[in-house]
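Each chain, written out:
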Amino acid sequence: MAEDFRTCPVTGFKVHLPAEKLIKVNAVTAVVALLVGAIMALLVALTRWETVHLLRPMDYYKFVTLHGWNMLGFWIIFFEVAVLYFAGAVMLNSRLASPKLGWVAYALMLIGALGTNITVLTNPAKNAIMFTSYVPLKATPGYYLSVILFAVGALIAVFNFLATLYIARKEKTYKGSLPLVVFGALTAAIIAVSTLLFGAAALVPTLLWSMGIAPTWDALTYRIVFWAFGHPSQQINVAAMIAIWYLLAYLTVGGTTISEKFSRLAFLFYILFINIASAHHLLVDPGVSSAWKIWNTSYAMYLAVLASMMHAFAVPAAIEVAQRKKGLNRGLFEWLWKAPWKNPSFSALVLSIIVFGFLGGISGVIQGTEQLNIRFHNTLAVPGHFHGTVAGGTTLAFMGITYYVLPLIFRREIVGKSLAVYQPWIFGIGIALVSIGMQGAGLYGVPRRHADITSFGGSGFAFEYDPTAYFWLAVLGIGGMLAFLGALLFALIAVATLIKGRRL
Amino acid sequence: MSVAPPEGVWWNQKVPKEEKLWVTIAILWAIVMFVMMPLWHIYGKQNPSTETYKVTPEEYVKLTKEFIEKYKVGEENGVPVVEPPPGSDVYFLGRQFSWDPVIKLKKGETYRLHISSADVLHGFSVYPMNINFMVIPGYDYVLTVTPTEAGEYRVVCNEYCGPGHQFMVGKIIVE
Chain A
4 MAEDFRTCPV TGFKVHLPAE KLIKVNAVTA VVALLVGAIM ALLVALTRWE
54 TVHLLRPMDY YKFVTLHGWN MLGFWIIFFE VAVLYFAGAV MLNSRLASPK
104 LGWVAYALML IGALGTNITV LTNPAKNAIM FTSYVPLKAT PGYYLSVILF
154 AVGALIAVFN FLATLYIARK EKTYKGSLPL VVFGALTAAI IAVSTLLFGA
204 AALVPTLLWS MGIAPTWDAL TYRIVFWAFG HPSQQINVAA MIAIWYLLAY
254 LTVGGTTISE KFSRLAFLFY ILFINIASAH HLLVDPGVSS AWKIWNTSYA
304 MYLAVLASMM HAFAVPAAIE VAQRKKGLNR GLFEWLWKAP WKNPSFSALV
354 LSIIVFGFLG GISGVIQGTE QLNIRFHNTL AVPGHFHGTV AGGTTLAFMG
404 ITYYVLPLIF RREIVGKSLA VYQPWIFGIG IALVSIGMQG AGLYGVPRRH
454 ADITSFGGSG FAFEYDPTAY FWLAVLGIGG MLAFLGALLF ALIAVATLIK
504 GRRL
Chain B
37 MSVAPPEGVW WNQKVPKEEK LWVTIAILWA IVMFVMMPLW HIYGKQNPST
87 ETYKVTPEEY VKLTKEFIEK YKVGEENGVP VVEPPPGSDV YFLGRQFSWD
137 PVIKLKKGET YRLHISSADV LHGFSVYPMN INFMVIPGYD YVLTVTPTEA
187 GEYRVVCNEY CGPGHQFMVG KIIVE
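The listed protein sequences correspond, in order, to chains A and B.
Under this note's numbering, the first residue of the first sequence carries the number 4, and numbering increases by one thereafter.
Under this note's numbering, the first residue of the second sequence carries the number 37, and numbering increases by one thereafter.
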């Protein structure tokens, strides 16, 4: 029905209004989750900074668990659902397959997210079992049920996106192949389907076990199945983030990949090779062979890393070529110096690429080596790695695109534009310090998820770590405060824009 | 344009020579890294052990108990101290929230160090060397160990194992 559409005056897209509503509500929920997660992040970071050591152990475990869920789960995935609806419906000028199903998915995800927070907050002794909940450590059925509801909701949203692609093709709302950004979103969706099915395979029997219906799992088998869900769930984020990189390169400087074939092949590599990356979680486990570890943790000869290397070339190349076409050809770097640095989306894009690649990507390849993993497994260096990839890279990319979503989808002029210019820098530098501080402390053996590395709860065997470790923990604490400020500023700008921004 | 369908068939598009060069370098580097892992596995001296046996938590607790009774030489903080002979099987047990026993080893001698759990997952992290292994109930993980430096080492649990996780510190002494 034509009355269900409006035409965007800036991009020319035909915007399906029911899809737009779903994009809005998912994006707003994501930002709320980010704010909640950021407050918890501050508490946790100030606990790991041993000079401050803010929280008592039970509170620390509670907030580490929920910080993980609210950030890695709810902020990122609600936002990704918004991205999928945008890529599927808006970018293809199509209607969303089923707005009703979109609301069902949203309701399930919301109930799941609230349920997870409530069960952990009210019963931390039982339910604060961390993002990686390994059997036979048992939570209450309510916790597993909440997580499953969230995942089922996310899966329905993914199928809604896939159905939208089918409809758009059938109704011929676009010609030829999918646009690159939609191709990237489809990559994320394909990885999401396989990931969420493994999630069901891990968590549904665990729910039944916690209810006393099913027998307990073999602990090692559980780890293998769990990580077929756990790590690929982060690869969804990588694919979505890179789709956003291409979108931002286009929106900020008008750049596009210099070779569609090159960029699309790189996305295909993700689908084919990235899921076996989950094996690197078992590098120092008993019971799995070295050959299995080496083949799988190298992502089958690093072909998934190769894909990231290809995007890492293609996205900056897209920016450079677009800038040079504008005549910015003096010297090697005029195109870079004269880039739109006052546009927070551009600085967010550049910081996202740098933090993701140099802090997250490199540390991931190092830690995923069979022999080196002995020195990193379960130390703070591991969260150091993913605070580079997902907390730094993905979050910055999503922040960057939000500065376009606000005027184009919510149709509000951004409030506090002058502050927004600095926001990606405050968050980006903060999260980089968090990642560096964690990796530094990890090298000295400081464990992750540990409430008290100074007195060990009064254990007779308490000892002190190398003084350098405490320096790195201070870097983590200070970086955490800075990143918190950046996230807070982002949320404030977004909320103020929604309430007070001039209608466009 | 990234936001519009590509012109023509993207599969037939030409890849520019800069990107070909870049991807060639990246592939070569990927091969170097891939080859390094098996090579290091054969020639290097830092590889995770793969020697594993199935064992029930009850059996493993019993094995540890017998081991402690046989070689006990004292007690520290209520935890038995054992001094097994060189070359012997050493049983080390993680449970919520302690490590049993305190082990005394001799520098330069080789031992078969078994690690496993009586209840949930634990992490075996030796300080100050920063060597980390998973401790999984149902699996007896055997590490062949030759301490090269005398001193007192701590074993910290680095896999969250419940509300008393932070208490879980153990000790290995090398003389």
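No wet-lab data here; the hints were simulated from the structure.
Where is the CB? At the ideal position from N, CA and C, for every residue including glycine.
Any given hint could turn out to be false.
[To be verified] Here are the computed lysine-lysine pairs in the DSS-like style, where the Cα-Cα straight-line distance is at most 25 Å:
| # | chain 1 | residue 1 | chain 2 | residue 2 |
| --- | --- | --- | --- | --- |
| 1 | B | Lys108 | A | Lys329 |
| 2 | A | Lys264 | B | Lys53 |
| 3 | A | Lys345 | A | Lys420 |
| 4 | B | Lys50 | A | Lys328 |
| 5 | B | Lys53 | A | Lys328 |
| 6 | A | Lys141 | B | Lys90 |
| 7 | A | Lys178 | B | Lys50 |
| 8 | A | Lys264 | B | Lys108 |
| 9 | A | Lys329 | B | Lys81 |
| 10 | B | Lys81 | A | Lys264 |
| 11 | B | Lys101 | A | Lys328 |
| 12 | B | Lys140 | B | Lys108 |
| 13 | A | Lys328 | A | Lys345 |
| 14 | B | Lys106 | B | Lys50 |
[Unchecked claim] Covered stretches of chain A (in silico footprint by chain B; criterion: 3 or more residues with CB under 8 Å from a CB of chain B, positions within the stretch not fixed):
| # | stretch |
| --- | --- |
| 15 | 20-27 |
| 16 | 142-150 |
| 17 | 155-162 |
| 18 | 350-362 |
| 19 | 430-438 |
[Unchecked claim] If you only want the chain B side, here are some residues facing chain A, beta carbon under 8 Å, derived:
| # | residue |
| --- | --- |
| 20 | Trp46 |
| 21 | Thr60 |
| 22 | Leu64 |
| 23 | Met69 |
| 24 | Tyr79 |
| 25 | Gln82 |
| 26 | Val109 |
| 27 | Gly110 |
| 28 | Asn113 |
| 29 | Val117 |
| 30 | Gly144 |
| 31 | Thr146 |
| 32 | Tyr147 |
| 33 | Pro173 |
| 34 | Gly198 |
Flag every earlier hint the structure violates by its number, smallest first.
1, 8, 9, 10, 11, 14, 15, 16, 17, 18, 19, 21, 22, 24, 26, 27, 29, 30, 31 and 32
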